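Residue numbers (the numbering used here), protein chains in the order written: chain S, 1 to 286; chain D, 1 to 286; chain W, 1 to 286; chain U, 1 to 286.
No lab work stands behind these hints, which were simulated from the structure alone. Be a bit skeptical, because a hint or two may be false.
For the chain U half of the interface with chain D, some residues (derived, Cβ under 10 Å), not all of them [said to hold, decoys possible]:
no. : residue
1   : V54
2   : G205
3   : Y206
4   : G207
5   : G236
6   : S239
7   : V243
Every value quoted in this text rests on a predicted model; they were computed, and no experiment measured them. The C-beta atom is built at its ideal place from N, Cα and C for all residues, glycine as well.
There are 4 protein chains.
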Amino acid sequence: MVHPKFNQGEPLSPWREKLNEVIFGAETQLGKAFDVVLIVSILLSVLAIMLDSVSSIRLDYGKWLWRIEWFFTIMFTVEYIARLVCVRKPLLYVKSFYGLVDLLSVIPTYLTLFISGAKYMLVIRILRVLRLFRILKLAEYVGEANVLIRALTNSRHKIFVFLYTVLTLVVVFGSLLYVVEGEENGFTSIPKSVYWAIVTLTTVGYGDIAPSTPLGQFIAAAIMIMGYGIIAVPTGIYSAELVRAYTGKENNEACPTCGQSGHDYDADYCKYCGHVLEIEEESATS
Amino acid sequence: MVHPKFNQGEPLSPWREKLNEVIFGAETQLGKAFDVVLIVSILLSVLAIMLDSVSSIRLDYGKWLWRIEWFFTIMFTVEYIARLVCVRKPLLYVKSFYGLVDLLSVIPTYLTLFISGAKYMLVIRILRVLRLFRILKLAEYVGEANVLIRALTNSRHKIFVFLYTVLTLVVVFGSLLYVVEGEENGFTSIPKSVYWAIVTLTTVGYGDIAPSTPLGQFIAAAIMIMGYGIIAVPTGIYSAELVRAYTGKENNEACPTCGQSGHDYDADYCKYCGHVLEIEEESATS
Amino acid sequence: MVHPKFNQGEPLSPWREKLNEVIFGAETQLGKAFDVVLIVSILLSVLAIMLDSVSSIRLDYGKWLWRIEWFFTIMFTVEYIARLVCVRKPLLYVKSFYGLVDLLSVIPTYLTLFISGAKYMLVIRILRVLRLFRILKLAEYVGEANVLIRALTNSRHKIFVFLYTVLTLVVVFGSLLYVVEGEENGFTSIPKSVYWAIVTLTTVGYGDIAPSTPLGQFIAAAIMIMGYGIIAVPTGIYSAELVRAYTGKENNEACPTCGQSGHDYDADYCKYCGHVLEIEEESATS
Amino acid sequence: MVHPKFNQGEPLSPWREKLNEVIFGAETQLGKAFDVVLIVSILLSVLAIMLDSVSSIRLDYGKWLWRIEWFFTIMFTVEYIARLVCVRKPLLYVKSFYGLVDLLSVIPTYLTLFISGAKYMLVIRILRVLRLFRILKLAEYVGEANVLIRALTNSRHKIFVFLYTVLTLVVVFGSLLYVVEGEENGFTSIPKSVYWAIVTLTTVGYGDIAPSTPLGQFIAAAIMIMGYGIIAVPTGIYSAELVRAYTGKENNEACPTCGQSGHDYDADYCKYCGHVLEIEEESATS
Chain S
1 MVHPKFNQGE PLSPWREKLN EVIFGAETQL GKAFDVVLIV SILLSVLAIM LDSVSSIRLD
61 YGKWLWRIEW FFTIMFTVEY IARLVCVRKP LLYVKSFYGL VDLLSVIPTY LTLFISGAKY
121 MLVIRILRVL RLFRILKLAE YVGEANVLIR ALTNSRHKIF VFLYTVLTLV VVFGSLLYVV
181 EGEENGFTSI PKSVYWAIVT LTTVGYGDIA PSTPLGQFIA AAIMIMGYGI IAVPTGIYSA
241 ELVRAYTGKE NNEACPTCGQ SGHDYDADYC KYCGHVLEIE EESATS
Chain D
1 MVHPKFNQGE PLSPWREKLN EVIFGAETQL GKAFDVVLIV SILLSVLAIM LDSVSSIRLD
61 YGKWLWRIEW FFTIMFTVEY IARLVCVRKP LLYVKSFYGL VDLLSVIPTY LTLFISGAKY
121 MLVIRILRVL RLFRILKLAE YVGEANVLIR ALTNSRHKIF VFLYTVLTLV VVFGSLLYVV
181 EGEENGFTSI PKSVYWAIVT LTTVGYGDIA PSTPLGQFIA AAIMIMGYGI IAVPTGIYSA
241 ELVRAYTGKE NNEACPTCGQ SGHDYDADYC KYCGHVLEIE EESATS
Chain W
1 MVHPKFNQGE PLSPWREKLN EVIFGAETQL GKAFDVVLIV SILLSVLAIM LDSVSSIRLD
61 YGKWLWRIEW FFTIMFTVEY IARLVCVRKP LLYVKSFYGL VDLLSVIPTY LTLFISGAKY
121 MLVIRILRVL RLFRILKLAE YVGEANVLIR ALTNSRHKIF VFLYTVLTLV VVFGSLLYVV
181 EGEENGFTSI PKSVYWAIVT LTTVGYGDIA PSTPLGQFIA AAIMIMGYGI IAVPTGIYSA
241 ELVRAYTGKE NNEACPTCGQ SGHDYDADYC KYCGHVLEIE EESATS
Chain U
1 MVHPKFNQGE PLSPWREKLN EVIFGAETQL GKAFDVVLIV SILLSVLAIM LDSVSSIRLD
61 YGKWLWRIEW FFTIMFTVEY IARLVCVRKP LLYVKSFYGL VDLLSVIPTY LTLFISGAKY
121 MLVIRILRVL RLFRILKLAE YVGEANVLIR ALTNSRHKIF VFLYTVLTLV VVFGSLLYVV
181 EGEENGFTSI PKSVYWAIVT LTTVGYGDIA PSTPLGQFIA AAIMIMGYGI IAVPTGIYSA
241 ELVRAYTGKE NNEACPTCGQ SGHDYDADYC KYCGHVLEIE EESATS
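Put together the whole structure using the sequences plus the hints.
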């Protein structure tokens, strides 16, 4: 596992090194157990927050949910302090994405002691669900997640071009329906009509706003068929990117011996002539 | 066909062997005929259960449906006993998935003689629809189903990472809409708002709950476009996996020299150690 | 173009041969023009039928639509007779799919002279829209359509397994919701609940029936996410099949000289050693 | 960058050449900055138009929005004139797609001085959103967009065959539901029923029209499952096309001996005539 920036540097004292391994790593037995406990705790505390928002449940079990919330808040606070103690560059950690999420998942509970407005606090607290992504550190998932993210990163320009086109289409078609259908049919403004066009193009189709004039329905049908076909574009982009990643055809370097390319990304030897692909491993050839 | 665990072992007496071949196998003419009759019986009995739940039909034909149900129940009971008789390890069969489904598809009808609560029995009885998967044993489908299942199994980690991300997104966005829209617009609790976010992200879009404030609609539009794009991820994963299966990227034979696998279908030399992969072409190496 | 069965056999008299070429073929200038005129006529007559079903239009222009309908009916009748005259085996043509569609597209109009029940006739008449598929005979489309159809045919077993699984899932989940939600929430019978499950799993989501209990919504959310992921399966099957068709990796025959396979479907020479792949073209090698 | 037709020809006077480079090009620092400023201006002016259509905002800020609109209109007019001045063939530019869009984005504002009917003008003005596609000229996107567009262009025949089939299906199924459900259930005419069929097949599912008879719901369920499966077709087409583009199946170099192209990226010998494809490996031929 590549250590994040805030965890690189000179060795720590033995007990801090050990703590670091458990909290930030997932290679040791203990480190993995820590991650599993953490994930279960996050899931339980998020469940408690969700149940707390159901008024009938809050009436009956509010007190218990309040205790659970404080139990997890204190637990996460201790964990946050432990992270600060055993990390090499605490300030970098605090300013990192996970550092902020870790802080945001404990602060709101303390704030409710001083400030009212529980509802907004509720939502900030629920952001601790983002801590769940720590699971991707586990050995089973780290490779898989990396492939998915790399494929997304590689196709980000194409996806941007796609979104750009989609947004332009919904602005044009939304405005068109605004004129055709008019305010009496629910298309009260261009932003609302664009919202309708997005609901339609993405095939969500709530039905809260729907065209009722023949011309409006005709244009809507055109948008639907367009949306039905356009979904092929991001899917095609992503599929092709993953196929490329799987078939490893990204390695464009030719074999220095026979000059052939098309080797896998993880190939050490030319699959056509059997010679080493990279000079560093020359000695490996017989 | 690979025999399931409960059917492996020493030979049975001739007539039990014969019965076993007919009931569990699909290679012989009789074994195939048995499967087809079974599948038609299951379909008919499930249809009868479904019609039985329509009150107007039950009023007029309830007696007939009751007779049909008993006819199939007795037939399936006889079949179940026959399976027990001819299988090598009856206990293992009883505890296997299909053994349980076979039992569950006859028990509820007998129970209705003693217990009321027909509605719940109805649903347990309908689980006999799962027996239909026995069709996948038939020669035409066993290969195809295996490819599909293997591709799913190979991509299970990636699909888990995907579902994980989707569930995190719906929790975050559902909570956001809960705060933005509030109880007066139908977003009465976080669980309900998360339900709405799932309905939206998956592009189902019932419309029973829909945002009505401009900010809520703006966030909803973002979720829709996200959901419209995100569907590319499982599709891409599965497509790439199947492409790999089709184009024979799964050449599972290991290199005779270094023992590593994962070679291309058209590779002559091990891409890890550079030795020839097949003995017949030894002379090609320098 | 491969001639259909009813058009194979001994040569016809010159003028019938000529007519045959124009009506059934698309290779000659006249044959292509005939197809284009036919397609435009079909489109216009279908449009007339559609407009005829709009009550306000029928009131105002009913007489004109009636005339147009008779104009096209007589035109299509003449065409049908011409087809009978110039085809080699008229009886085989009459019984072929297109022969039946051609007949069905003129019969209903004559029947309306004797029988009332115009509504049912309307729908039979509209089946003439199926004649539009004759366009696929045109040079630009025949190849493309063939690839699409072949890919569908190749994956028909896999698609059957997929549909089978989907139908089993909707029966199980539909029945579950029937018990959980009950008749008071619109889930009045198992068939209706299965209909709801299909509406949900396919992400259509009308919203005419929607779960309203928390447990029902929870199960519904599971179905949605399942449906959202399951769509990857047919898409993956079809994409992989087309990728295989495109990359032509279906040619499993090895090169007789160097023994390597993986050649394109349209390759005449081994791409690895340059020798001919098929014995018939041996003389082409230097 | 390939210059459009209206910008090819003899060199211009130095200052016009410079202006041309800034306005039409994106290679120089200044040219890129110009494009970015233009895109931001377009976005802001489109936002102003959208807000202007919200009646509550127009009441409060109408005057400001009117000033913003005139500011951008004059700015775009100056830009349009500058384009006319520095382009080599102004007339060709005026008649080009972007030339028309550029003109359409300023004309309506001037027309509002003489003509009323602001609503229609609003929609024409919003077409300036199409100018945003100029961003695709930027270096980061030009390549990506080209791949996407080329893949679409290559598969246009297949997509046409697909749309053709979809439209035929919705006409047939729409008419069927029109007869089955009838006017009392909202299926008041064939066009409306076809509209419903499109809403259903594309999985949009507004729910404004929904079948209520058992037979109607059965047919609707069939359409949904069909639509759920059919979406695999455009996605498969586009994915396969992109995979082909990615894996270098587009090696467009022709064989130096027989002149045919379409060779694999890793082919050494022409698969049509068996001669070596590249001169460097001549010695490899026997």
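Now for the hints, and whether the structure bears them out:
A cut of 10 Å between beta carbons decides the hint on V54/U: the least distance to chain D is about 8 Å, and the hint holds. For the restraint placing G205/U at the interface with chain D, the shortest Cβ-Cβ distance is roughly 7 Å, inside the 10 Å limit, so the hint holds. The beta carbon of Y206/U comes within 8 Å of a beta carbon in chain D, closer than 10 Å, and the hint placing it at the interface holds. The interface hint given for G207/U holds, since its Cβ lies 6 Å from the closest Cβ of chain D, which is under the 10 Å cut-off.
Because the closest C-beta pair between G236/U and chain D is about 8 Å apart, less than 10 Å, the hint holds. About 6 Å separates the beta-carbon of S239/U from the nearest beta-carbon of chain D, less than 10 Å, and the hint is met. Hint status for V243/U relative to chain D: holds, with the closest Cβ pair at about 7 Å, below 10 Å.
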